[in-house]
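With the sequences and hints as input, model every part of the structure.
Number of protein chains: 2
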Amino acid sequence: MTTSMLRTITFSKTRRNYITVLLLVIVRRRDNGWSEDLRHLFHQFMKKCEDGSWTYISEKEMLDLQKKASELSFQNVKPMKKKQFPSTLTRNFQEGLGFEYAMFYNKDERRIVCLFQGGPLLQGFPGLLHGGAIVTMVDYSISILSTKTIGFTMTAYINITYKRPIPIGSVVVINGQVDKIEERKVFLSSSVHSADEKTLYSEATSLFVQLNLEKSET
Amino acid sequence: MTTSMLRTITFSKTRRNYITVLLLVIVRRRDNGWSEDLRHLFHQFMKKCEDGSWTYISEKEMLDLQKKASELSFQNVKPMKKKQFPSTLTRNFQEGLGFEYAMFYNKDERRIVCLFQGGPLLQGFPGLLHGGAIVTMVDYSISILSTKTIGFTMTAYINITYKRPIPIGSVVVINGQVDKIEERKVFLSSSVHSADEKTLYSEATSLFVQLNLEKSET
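Line by line, the protein sequences give chains U and E.
For what it's worth, the UniProt record's numbering labels the leading residue of the first sequence as 1, then goes sequentially.
For what it's worth, the UniProt record's numbering labels the leading residue of the second sequence as 1, then goes sequentially.
No lab work stands behind these hints: they were computed from the structure.
Note that the coordinates shown come from a computational prediction; the quantities given were computed from them, not determined experimentally.
Where hints are given, some of them may not hold.
Said to hold, decoys possible - Just so you have them, the derived chain E footprint on chain U, three or more residues with Cβ under 8 angstroms:
id: 1; segment: 32–46
id: 2; segment: 59–70
id: 3; segment: 125–139
Unchecked claim - In silico EDC-like links for lysine to aspartate or glutamate, alpha-carbon gap of 20 angstroms or less:
id: 4; chain 1: U; residue 1: Lys163; chain 2: E; residue 2: Glu183
id: 5; chain 1: E; residue 1: Lys163; chain 2: U; residue 2: Glu183
id: 6; chain 1: E; residue 1: Lys163; chain 2: U; residue 2: Glu61
id: 7; chain 1: E; residue 1: Lys107; chain 2: E; residue 2: Glu36
id: 8; chain 1: U; residue 1: Lys163; chain 2: E; residue 2: Glu182
id: 9; chain 1: U; residue 1: Lys180; chain 2: U; residue 2: Glu109
Claimed, not checked - Distance windows between CB atoms, simulated:
id: 10; chain 1: U; residue 1: Asp31; chain 2: E; residue 2: Lys67; range: 30 to 40 angstroms
id: 11; chain 1: U; residue 1: Glu59; chain 2: E; residue 2: Leu63; range: 31 to 41 angstroms
id: 12; chain 1: E; residue 1: Ser189; chain 2: U; residue 2: Glu36; range: 40 to 50 angstroms
id: 13; chain 1: E; residue 1: Thr205; chain 2: U; residue 2: Gln94; range: 27 to 37 angstroms
id: 14; chain 1: U; residue 1: Glu50; chain 2: E; residue 2: Leu63; range: 46 to 56 angstroms
id: 15; chain 1: E; residue 1: Glu61; chain 2: U; residue 2: Gln94; range: 26 to 36 angstroms
id: 16; chain 1: E; residue 1: Asp108; chain 2: U; residue 2: Lys107; range: 31 to 41 angstroms
id: 17; chain 1: E; residue 1: His193; chain 2: U; residue 2: Gly151; range: 28 to 38 angstroms
id: 18; chain 1: E; residue 1: Lys107; chain 2: U; residue 2: Lys48; range: 51 to 61 angstroms
id: 19; chain 1: U; residue 1: Ser87; chain 2: E; residue 2: Ser194; range: 21 to 31 angstroms
id: 20; chain 1: U; residue 1: Glu59; chain 2: E; residue 2: Lys163; range: 24 to 34 angstroms
id: 21; chain 1: E; residue 1: Lys163; chain 2: U; residue 2: Ser87; range: 22 to 32 angstroms
id: 22; chain 1: U; residue 1: Gly151; chain 2: E; residue 2: Lys48; range: 43 to 53 angstroms
id: 23; chain 1: E; residue 1: Gly96; chain 2: U; residue 2: Lys67; range: 22 to 32 angstroms
Even glycine gets a Cβ: it sits at the ideal position worked out from N, Cα and C.
Here it is, written out as structure tokens:
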């Protein structure tokens, strides 16, 4: 084995390790666009995870869910090709400008908490979050909860009430809980509060239905 | 007046005209990311406008509405600075990858039609539009209708039912209508169909409330 070959092997190993570490950092948490408020709240919730009652849903777990879903076919819709826009809507914005969030799951209580900071690209009325962005984040949070409760589900209905507008950039807390399960149906309720819980922004009730999925043939 | 000065004036006039024409082209319609289906449907609806019953809501009209809204203050929320993300959520994607749409308004019948093509960045379940993207487009369409009916409004509630999933890239038609007006309240219903009207994807009922707005002091 020549020195040159050795150097190449050493280099690629180093490079691979570097990429692995980089990926782990990216996958573990995506917090470059997070405000101080969101970071602070995140650390508070991480402490709640210490006794095992709550668990943080990592970016890796989210990606694994999406990957698993992409291997299934549903109502003759072809899954997207690998590497072809594998992300959900909430991950398709530059960091800090769109949806910034972290989710926590309580298995025993069938609850989910989503810390959410909506960026300027999610604007509706000037200076305020678009109602569509709020319901998107609520829907996504409770879809994760229903999926973790009974497997892949899809929204059948969502009834959302907007009590107060949410200013762009502020951090809010989405609480979701399973109210009832009837065979393939999961009924859920959710709310959107300010971080100090003093302001109620939105409330929603919804029904999610478990999917009949088959392994894709493609 | 020297030749040099004359040349400068001629040049700036030409440049100004060029910029005006360019802006008019951009503002008039934003259709670079439109599929053949959407273009075809758009032309069909443009024909409906010929007798004056329906009018196309141009990009310029949308921008004017957003500009007008940005000059108003609401519940102590400061309007955003000029040129600082003036767009609504639905305009913050690269052409063809996010929300592509055209809206038509019928004043006498208090109805709106939105031709909508959702791109790959609006993905929820792999290959399908995110429910949040669908309700965003429905909410936005009927908010334009309610605003054109009684002035600036905000969503109080929206109850949306998802009957069938919408594949990424397909063109759907959102129909919205005013059902009832009670002082500052506008009750609206809406549906999302396939272009051939054979498939019903979603239905929604909602309440929009007229805003008490004051001219911003900033």
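Here is how each hint holds up against the structure:
With 0 residues carrying a beta carbon less than 8 angstroms from a beta carbon of chain E, the segment 32–46 of chain U misses the three-residue requirement, and the given coverage is violated. Given as covered by chain E, the segment 59–70 of chain U passes the check, having 3 residues with a CB less than 8 angstroms from a CB of that chain where 3 are the minimum. With 12 residues having a Cβ less than 8 angstroms from any Cβ of chain E, the segment 125–139 of chain U passes the three-residue criterion, so the hint holds. For the proposed pair U/Lys163 and E/Glu183, the alpha carbon gap of about 19 angstroms is at most 20 angstroms, so the pair holds.
At most 20 angstroms may separate the alpha-carbon atoms for a hinted pair to count; E/Lys163 and U/Glu183 meet this at roughly 19 angstroms. Distance restraint check for E/Lys163 and U/Glu61: the Cα-Cα separation of roughly 29 angstroms exceeds the 20 angstroms cut-off, and the hinted pair is therefore not satisfied. With a C-alpha separation of about 28 angstroms, the suggested pair E/Lys107 and E/Glu36 falls outside the 20 angstroms cut-off, and the hint is violated. Restraint check for U/Lys163 and E/Glu182: the C-alpha separation of about 19 angstroms stays at or below 20 angstroms, so the hint holds.
Distance check on the hinted pair: U/Lys180 and U/Glu109 sit about 12 angstroms apart at the alpha-carbon level, within 20 angstroms; holds. For the pair U/Asp31 and E/Lys67, the supplied restraint of 30 to 40 angstroms holds, since their beta-carbon distance comes to about 34 angstroms. Roughly 36 angstroms separates the CB atoms of U/Glu59 and E/Leu63, a value that falls within the hinted 31 to 41 angstroms. About 43 angstroms separates the C-beta atoms of E/Ser189 and U/Glu36, a value consistent with the hinted range of 40 to 50 angstroms.
Checking the proposed 27 to 37 angstroms range against E/Thr205 and U/Gln94 shows it holds: the Cβ atoms sit about 35 angstroms from each other. Separation of U/Glu50 from E/Leu63 is about 50 angstroms and conforms to the stated range, judged on CB atoms against 46 to 56 angstroms. Separated by about 29 angstroms at the C-beta atoms, E/Glu61 and U/Gln94 satisfy the suggested range of 26 to 36 angstroms. Range check, E/Asp108 to U/Lys107: Cβ separation about 55 angstroms, and the 31 to 41 angstroms hint is violated.
Our hint of 28 to 38 angstroms for E/His193 and U/Gly151 holds, since their Cβ atoms are close to 30 angstroms apart. A C-beta distance of roughly 54 angstroms is found between E/Lys107 and U/Lys48, which places it inside the suggested range of 51 to 61 angstroms. Separation of U/Ser87 from E/Ser194 is about 26 angstroms and conforms to the stated range, judged on CB atoms against 21 to 31 angstroms. Against the hinted window of 24 to 34 angstroms, the Cβ-Cβ separation of U/Glu59 and E/Lys163 comes to about 32 angstroms, which satisfies the hint.
In this structure the hint that E/Lys163 and U/Ser87 lie 22 to 32 angstroms apart at CB holds, the actual value being about 26 angstroms. Take U/Gly151 and E/Lys48: their Cβ atoms lie about 45 angstroms apart, and the range 43 to 53 angstroms holds. Between E/Gly96 and U/Lys67 the beta carbons are some 25 angstroms apart, a value that agrees with the proposed interval 22 to 32 angstroms.
In summary, the structure is inconsistent with hints 1, 6, 7, 16 from the numbered list given earlier, while agreeing with the others.
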